[in-house]
Amino acid sequence: MQSVFTGPVYVVRDNIDTDQIISAQFLNLVPTIPEEYEKLGSHAMDGLPHSLYPVRFVKDGQLDSDYPILVGGRNFGCGSSREHAPIALGSANCQLVLAESFARIFFRNCVATGELYPCEIADRLCDVLKTGDVVTVDLDAATVTAQATGKVYAFKPLGDVRPVVDAGGLFNFARQSGMIAK
Amino acid sequence: MTLTEKILARAAGKTSAQAGDNLWVNADVLMTHDVCGPGTIGVFKREFGQAAKVWDKNKIVIIPDHYIFTADSKSNRNVDILRDFSREQGIEYFYDVIDDANGHWVFDAAKGNMKRQYGSRYAGVCHTALPQKGHTRPGEILFGTDSHTCMAGAFNQFATGIGNTDAGFVMGTGKLLLKVPESMHFRLEGRLQPGVMAKDIILHCIGEIGFDGATYRALQFDGEGALNLSIDDRMTIANMAIEAGGKNAMFEFDSRTAEYVDARVKLNGTKSTYEPVLRDKNEKFVYEHVVDLSQLEPTVACHPDPGQRKKARDMGDTRLDRAYVGSCTGGKTSDFVEFARVLRGKKVVIDTFGVPATPEIVRDLQSTYWGNTTIWEVLVNAGVQMTENAGCAACLGGPVDTFGRINKSGIKCISATNRNFPGRMGDKESQVFLASPMTVAASALTGRVTDPRDHLGN
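Which chain is which? The protein sequence lines are E and A, in order. For the first sequence, the residue numbers in our numbering are 1 to 182. For the second sequence, the residue numbers in our numbering are 183 to 640.
Calculated from the structure, these hints are not laboratory results. A hint or two may mislead.
[Unchecked claim] Residues on chain E that point at chain A, a partial pick, calculated with CB under 8 angstroms:
1) SER23
2) LEU29
3) PRO49
4) LYS59
5) GLN62
6) LEU63
7) ASN75
8) THR136
Computed from a prediction, not measured in an experiment: that's the story for all the values here. Ideal Cβ positions, reconstructed from N, Cα and C, are used throughout, including at glycine.
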């Protein structure tokens with residue numbers, strides 16, 4: 001499985017709730033219907049107030065984001081249980097989120113869907129990095145390297161979460177590992 | 183063991199469990215709705231096969247409630263997906279919007295959004311409807327595809343919100359792997375003073391620990407003060423455990439719980455047996471807080487999160503554009519009664535919306551008289567825009583034509599709902615202040631955040 005991810009980051013602050021990740025008005029889209037899954041991606045992080053986030057995560061008219069890595073502060077993904085949130089991010093080609101802490105249901109939904117890796121990092125990267133900075137994340141080493149400064153930050157290894165996301169979510173993992181019939 | 187540990191141990195077939203244990207627990211009820219149901223059904227069919235049958239058709243409860251009274255065609259279609267699936271699987275506890283089992287749901291915008299547009303089975307907001315329809319029982323495990331599923335902790339049961347994929351798994355197997363949460367202990371003492379409500383208790387507690395102060399944890403509410411609270415009040419509190427990041431809320435079982443649950447299962451003909459959990463002497467908590475209810479004052483959670491606690495009386499400078507009473511946590515009969523008590527004989531000065539959580543609550547308000555006037559009429563006469571179309575409505579924004587949705591930037595709304603992150607009720611640049619129905623009422627009369635104790639005793 002891919003272990004190294006390099007690309008520009010999109011930086012948000014503390015308490016990014018699921019309404020900001022995917023506005024409630026787009027919950028009419030059903031994630032298991034392929035064209036609606038794609039559309040969810042086009043609205044990823046659309047709920048962020050423009051006054052605070054003038055640079056948008058997904059440009060108008062695009063289905064995918066230019067930022068494969070999200071950087072957040074405390075309590076990322078708080079609020080509702082909507083699985084549309086990690087799905088919108090995954091659909092927009094976001095591959096991982098680095099945050100100081102995660103809300104419980106969002107973390108679990110990332111793993112269950114296999115849409116993206118939720119990485120907990122003690123350093124407040126949202127104070128250090130700005131949107132567009134390029135980083136390299138190495139999941140095996142559990143490190144983030146900021147390209148501009150060369151500085152290396154360690155995050156909490158994903159442990160048992162990693163193979164589940166690698167497999168593409170709970171059901172795929174359970175089949176591959178023989179927990180449920182193929 | 184804590185109450186939560188005891189229930190989870192039992193549901194996993196074990197004699198004991200402690201925080202941190204990973205357990206496969208058996209579900210008693212799986213609840214889903216129109217926003218997450220179609221996706222859950224999609225996961226279930228993708229993973230278990232197109233012809234697969236649910237694990238137990240009598241343990242699945244489907245309650246459309248979120249995006250019902252909207253002309254948005256996809257939202258209307260989502261209700262049809264639920265109907266088709268319920269028919270195919272023989273699910274009895276599907277609370278359809280319409281009475282025609284082979285029909286299609288279409289909201290008629292031309293009829294407006296004040297008069298009822300639902301059939302006889304429609305149940306309204308899932309968390310309020312579950313107990314009303316006899317689906318909450320002490321000692322049971324309830325999973326729901328909605329974060330406010332924790333509201334059923336009011337009934338001494340383990341109830342928590344899960345995503346579509348987990349729900350698809352439960353739908354097929356009846357089980358879920360859970361980590362037993364640590365418990366935080368809130369011991370309530372005394373009684374609330376006039377003008378102070380259950381909403382003030384939970385806003386106080388969230389302010390105390392912060393909006394992520396209970397992440398991954400259970401919140402246990404007990405003590406003499408908790409036993410003095412009505413079932414509605416316990417629901418208001420349990421509902422908002424998630425607003426501090428909690429996994430579940432838990433109340434003690436008592437005669438009020440039994441009375442409510444027994445009446446409801448009998449009325450609806452649902453399963454009547456249950457086994458409550460009672461407190462042990464050796465409970466281990468990671469946090470202890472004693473709340474003297476008599477000392478609490480009307481409390482507000484300010485924009486932009488439920489942990490921004492202030493006293494209403496210190497916020498008189500905050501001008502408002504709008505007031506809202508509704509949702510699972512704040513749209514119950516008792517909420518509207520207290521709302522009306524403050525507004526009776528007066529006029530609101532800002533746009534004020536009322537959305538009862540369920541059709542039963544609409545009926546309560548329209549059939550309860552104060553003198554010659556129903557509570558419903560008291561509210562309408564005060565200038566409140568009351569809709570009969572019970573549902574989640576603008577609590578979570580929703581489609582742009584949703585009743586009460588904030589569609590303009592800069593609007594400040596005081597609301598009896600449960601969440602106030604940016605954009606929660608619509609426009610991303612609007613602000614929501616959470617408060618009790620009485621504080622919302624007093625504020626609607628002045629156009630500023632107002633302590634309701636200044637408006638009592640008319």
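Results of checking the hints against the structure:
1. Taking 8 angstroms as the C-beta cut-off, the interface hint given for SER23(E) holds, the closest approach to chain A being about 6 angstroms.
2. Taking 8 angstroms as the C-beta cut-off, the interface hint given for LEU29(E) holds, the closest approach to chain A being about 7 angstroms.
3. Taking 8 angstroms as the C-beta contact cut-off toward chain A, the hint placing PRO49(E) at the interface holds, the least distance being around 5 angstroms.
4. With a least beta-carbon distance of about 17 angstroms to chain A, the hint placing LYS59(E) at the interface is violated under the 8 angstroms criterion.
5. Interface hint at GLN62(E): violated, since its Cβ lies 19 angstroms from the closest Cβ of chain A, which is beyond the 8 angstroms cut-off.
6. The interface hint given for LEU63(E) is broken, as the beta carbon of that residue sits about 18 angstroms from the closest beta carbon of chain A, more than 8 angstroms.
7. A distance limit of 8 angstroms between C-beta atoms decides the matter here; for ASN75(E) the minimum to chain A is near 4 angstroms, and the interface restraint holds.
8. Look at THR136(E): its Cβ only gets to about 29 angstroms from chain A, farther than 8 angstroms, so that hint breaks.
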